[in-house]
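Participant: Each chain is listed here by its residues.
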Amino acid sequence: MESAKGLKKFFNRKMFTLLILLAVVVVVFSVLSKGTFLKPSNIRAIINLMVVSGLLTLGVGCLMIAGSIDLSTGAIGTLCGIVFALFLQSMAWPIALILTVIIGMAVGALNATLVNVVGFQPFIATMAVASVAKGLTNVFSNGQPIPVREPFITYIGTGRFFDVIPVSIVITLVAFIIYALMLSKTKFGRTIYLVGGNREAALFSGINPVKTSYILFINCGMLSAIAGALLSARLKSGTVVGVSASQFSGMTASMLGGISFGGGSGGFGGVFIGLLIINGFNNGLTVLGISAYWQTVASGVLLLFALTVDYFSMKRTRRKVGVAA
Amino acid sequence: MKKCISLLLAITLCLSLFACGTKTGTTTPTATPTPDAGAPAAPPAGGGEPDAPPPPPVEGAGSVGYIDDPVDHSARKTYKIAYLSPAFMFLQQSWFAAMQEFQDRLNFTVTSFTGEAGNDAYLQNIEIIADQGFDGIIMDCELAVAVRASEVAEETGLPYIAFVQSMLDDNMKTVCPQVVLDQYETGAKTIRWLIANYKSYWGDIDTSKLGLIDLGVSVSPDLWARAIGPRDIFQETFPDGHYFFDDAISAGGITPDAAYTLTTATISANPNVEYWFITGSTEFMGPGAARAIDDLGKIDNALICVVGAGANVVDWDSMTPDTKTSLVACLAISDLLYAAPAVSGMVALIDGRATKDTLWRDKTPANYEFGNDYGVWMVENDIITRDTYKTYFDEINARYLESGGH
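So the sequences go chain by chain: A and B. End of the first sequence sits at 325 in the working numbering; the numbers just go up one at a time, nothing left out. End of the second sequence sits at 731 in the working numbering; the numbers just go up one at a time, nothing left out.
In short, the hints are calculated from the structure, not lab data. A couple of the hints might just be wrong.
Distance condition first, Cα-Cα at most 20 Å in a straight line; then the derived EDC-like pairs of lysine to aspartate or glutamate [unchecked claim]: (1) A:K134 / B:D572; (2) A:K34 / B:D456; (3) A:K39 / B:D507; (4) A:K134 / B:E441; (5) A:K39 / B:E480; (6) A:K34 / B:E452; (7) A:K39 / B:D456; (8) B:K681 / B:E694.
Go ahead and model the full structure; you've got the sequences and the hints to work with.
Facilitator: Here is the structure:
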């Protein structure tokens with residue numbers, strides 16, 4: 001009886017839906033590509049694309065759970081990738097990395113101040129900061145790529161453990177585990193859910209939502225900076241394009257993975273599967289040789305699907321809360 | 326209701342997926358052969374051994390890697406070539422369509438791949454292409470990732486050619502054979518044409534009242550080089566003239582709107598300048614600048630000549646003979662002139678009849694600024710005008726698509 005209940009609970013969970021969706025993606029593309037999709041090197045390519053978008057997703061995912069949003073992660077990451085490459089030309093990599101992360105955190109703190117002190121909507125504030133960061137990226141780089149040739153850094157970006165597992169993937173996976181545990185097992189994790197679920201209730205419970213917001217924006221800036229530095233290491237070059245292209249897929253994965261725009265729900269297990277689905281989906285379209293325009297259409301439909309799932313899931317939650325009340 | 330919407334979206338997703346699955350490789354209106362995505366992987370090429378031995382050159386061969394290479398291409402298997410670009414916009418589509426024009430003649434299929442504006446995805450695509458059993462890659466690669474892209478391509482063992490954008494190492498030396506423009510010279514040609522022809526429009530003018538708006542793009546080394554030529558030559562020819570560099574990046578990017586905004590602002594801010602030359606690093610700047618000139622009522626006082634033809638030709642096509650325009654000329658590079666050497670060079674590399682060290686060595690300009698380690702095919706280009714453009718494209722088409730090459 002207990003096991004039947006547990007099974008029923010599992011089937012009702014969002015994770016089950018995601019796993020089914022992932023299985024569908026894998027099966028459909030494997031069949032259509034006659035097995036190429038499942039080649040080890042192709043699977044590595046799929047996971048490789050999670051490195052940068054994964055780190056960005058962790059930052060913005062925490063904020064979304066807390067009921068906020070950061071649209072500047074791509075721009076901050078790109079700025080930090082350029083700054084990191086510039087620093088590496090004149091200083092040792094640990095110092096360059098620390099300074100880069102500090103810059104990312106400072107921009108995150110600026111976002112937090114605009115949202116919590118000035119009172120801007122997170123959407124507007126972070127979009128404005130993104131524009132500033134984008135401009136600064138061009139100012140610092142003069143629009144030109146900055147080569148990264150520091151051996152240890154390029155090893156982090158392009159090296160492989162035992163000649164098989166890319167180092168950068170391991171970094172992202174470890175980060176996922178840490179953040180998943182933080183969310184599910186720590187007091188701060190519960191605080192994030194509470195702030196996102198009901199800010200007033202959190203306040204009455206003695207939680208300081210402003211402090212939480214500051215921590216999360218700074219955390220988001222930090223992760224964006226690391227993502228930018230890591231991308232520079234992977235490309236062996238700081239570029240003005242940087243991590244911007246990964247921001248969209250990261251946010252789509254967050255929603256697909258169960259993090260609601262409304263806040264208060266979701267977890268990084270689902271987001272991880274969401275990232276796998278999105279990257280697998282995009283990779284599969286490429287493997288099939290589908291034109292770029294159709295790929296964009298399909299990705300948009302996938303985002304619409306994620307938003308619809310999010311909408312109905314929020315609606316169901318509200319109904320349940322209403323019934324309970 | 327929710328079930329209906331969810332179902333509808335799921336069906337749309339599946340349909341779009343399967344619609345795409347009907348294939349492939351292109352969105353261009355040109356008919357696309359269907360690359361055999363699921364076919365067994367072809368053996369490594371270029372550095373490796375193709376399925377069948379390379380076809381024996383027929384008598385008279387002596388131009389390996391040229392479109393008129395008289396080798397019998399039908400005597401071997403059909404090669405699978407990938408065209409990898411950072412994005413797949415108007416220009417990339419046109420180049421891709423031009424490559425397809427040579428598929429039957431050189432016995433290959435070409436499929437497009439794009440990094441979707443992400444450098445990381447661009448690099449991953451190289452591995453995907455190798456997995457898919459392609460025989461070679463024509464790489465339109467941003468300089469920022471050229472070093473890494475060449476490393477990844479080397480790891481796959483596939484032959485590759487740099488296309489349109491230079492692939493250079495840290496010392497700004499070529500890393501593989503290239504099909505590129507002499508960027509500085511293209512910009513220089515546009516201003517030279519304006520200088521040579523302005524008197525036929527304006528007669529003798531006071532050149533202290535002449536200005537040049539040099540529409541450029543600072544974030545692309547190649548496009549930046551195109552803007553330097555006009556500056557140097559204008560300032561040398563008209564020391565008393567007025568030079569303005571307008572960066573498209575400051576107005577939102579490489580679009581006609583950016584050109585419109587910048588041209589309008591510069592002309593409005595400088596009423597002391599009576600006559601205007603306008604040069605641009607990309608074709609999209611021509612129509613935008615022309616629209617600005619039109620709106621400012623300066624058609625009789627401005628002459629535009631930009632690098633690139635496509636968008637300008639569209640503008641000219643839409644005009645009647647009576648329509649006045651300041652968009653008088655542009656530097657044209659037929660897509661076929663880009664595509665022909667790229668695909669024929671790639672076929673020679675896959676054949677094994679040329680290597681990256683030997684391909685087009687006779688074509689590389691002496692003292693090339695980016696080194697002489699690999700062959701460089703400088704793509705031909707010509708200034709065309711509203712009166713000559715049709716003849717130009719007819720001649721190129723006849724040369725490549727009818728008479729069988731140069």
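Participant: Now tell me, hint by hint, if it's right for this structure.
Facilitator: Hints versus structure:
Note on K134 of chain A and D572 of chain B: the hinted pairing holds, with a Cα-Cα distance of about 15 Å set against a maximum of 20 Å. Between K34 of chain A and D456 of chain B, the direct Cα distance comes to roughly 12 Å. Compliance with the 20 Å bound is thereby established for this hinted pair. Our distance criterion of 20 Å between C-alpha atoms is broken by K39 of chain A and D507 of chain B, whose separation comes to about 41 Å. For the hint linking K134 of chain A to E441 of chain B, the alpha-carbon distance of about 19 Å falls within 20 Å, and the restraint holds.
In summary, the hint linking K39 of chain A to E480 of chain B is supported, as the alpha carbons are separated by about 17 Å, within the 20 Å threshold. Proximity of K34 of chain A to E452 of chain B is assessed by CA-CA distance (about 17 Å); at most 20 Å being required, the pair is judged to hold. With a C-alpha separation of about 8 Å, the suggested pair K39 of chain A and D456 of chain B falls inside the 20 Å cut-off, and the hint holds. Distance restraint check for K681 of chain B and E694 of chain B: the Cα-Cα separation of roughly 19 Å lies within the 20 Å cut-off, and the hinted pair is therefore satisfied.
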